[in-house]
Amino acid sequence: MSEVVLTETESGAVADFSTDKQTFQVPWGKAMMWFFLLSDTFIFGSFLTGYMTVRMSARDAWPVPSEVFALSFGGDPIPLILIAIMTFILISSSGTMAMAVKMGYRGEKNKAFWLMLATAGFGLMFVSMQAFEWTKLIVDDGVRLWSNPMGASQFGSTFFMITGFHGLHVSAGVIYLIVVARRVKSGFYDRTRGNYEMVEIAGLYWHFVDLVWVFIFAFFYLW
Amino acid sequence: MAQDSGQEHPISLYFGIWGLLFVLSFFSYMVDYMNFQGGLRWTLILVFMFLKAGFIIAIFMHLAWERLALKIVILGPPVALMVLVLLMTYESNYTFNTRLEFSGASTMQPTHH
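Those protein sequences? They're chains A and B, same order as listed.
The first sequence begins at 1 in our numbering and counts up one residue at a time.
The second sequence begins at 1 in our numbering and counts up one residue at a time.
Since the hints were made in silico from the structure, they are not lab data.
Honestly, I wouldn't trust all of these hints.
To be verified - Think about it this way: if two alpha-carbon atoms lie no more than 30 Å apart in a straight line, the pair counts; the simulated DSSO-like pairs of lysine-lysine are:
(1) K21(A) x K136(A)
(2) K111(A) x K185(A)
(3) K21(A) x K71(B)
(4) K30(A) x K136(A)
(5) K136(A) x K71(B)
(6) K30(A) x K111(A)
What the hints assert, rightly or not - Simulated coverage check for chain A against chain B, where a stretch passes if three residues somewhere in it have a Cβ under 8 Å from a Cβ of chain B:
(7) 15 to 23
(8) 167 to 181
(9) 197 to 207
(10) 211 to 217
Quick caveat, the model's predicted, so the values are computed rather than measured.
We put the beta carbon where it would ideally sit given N, CA and C, even for glycine.
One chain only, chain A, in its complex shape (with noise of 0.2 Å):
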């Protein structure tokens, strides 16, 4: 009988898969929270395939969304401003979250606190410019989920389904983030020994949502 020898044991893949006990080297809750974001990247994925799919089937002209999305401040109408906006608080409420998680773990309460708060304040602004998009969209344009006036019938559906399931994720983010937030600041995480791995967690969550919006941004609104 030949010794087996698992040489890289210090970040072996093969050494973690093999164990006997535990595959994944991190508290229950990250690794849970990492499959968690796993099936939704495919829940999005498979959306904006879907889109994709649709879009290059249509034969009447995709609705250019440049267009479709530019908003006018009294002079000429600026391309895509509000979609730019909206990214912007998106990539600013990752940072707030990302110093959110490093106060966490520095045990610096309350500056956790405020800054959960803020990426909490940050997504509230989105969803809030986004029920602004979509007022403009359907009462203005007349864009429905089975036709508009500006060119593919496709266009709604696909439009409305997206950016949907992003907002409910951003709403519920919110308050996911109100709750944690909560807790850090009454000191429920010193009681009950789950730490500050609580914040990163969801951390974690608001990164993937913010990553999403990467996505739908580059393809739905860029494209």
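Here the structure of chain A is known, so what remains is to put chain B in place on it, guided by the hints.
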């Protein structure tokens, strides 16, 4: 749990990535604003998109510092989505050509806003 999974990284790193994401977002907006078209537009969109996504996943979501086993499990399965995209490309081209053949070219006159 014995292992330290707490992710502690210098704050300057976060600020750096934060700034970088702003710059990259600005560039992707400029792709539209400068009205680049065709291959150049699509290439730029994809480059900026993957750079932004990469930095968010690697740094903000700390995946760069996780063990290889977790990285494989997170980054491996989405490859299946790429296969789906490839398959649906063929499918939609087929649908498009069938529509042209049986219904002719589009006669819709879009109204612009």
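Identify every previously stated hint that the structure contradicts and give their numbers, smallest first.
-> 1, 4, 5, 8
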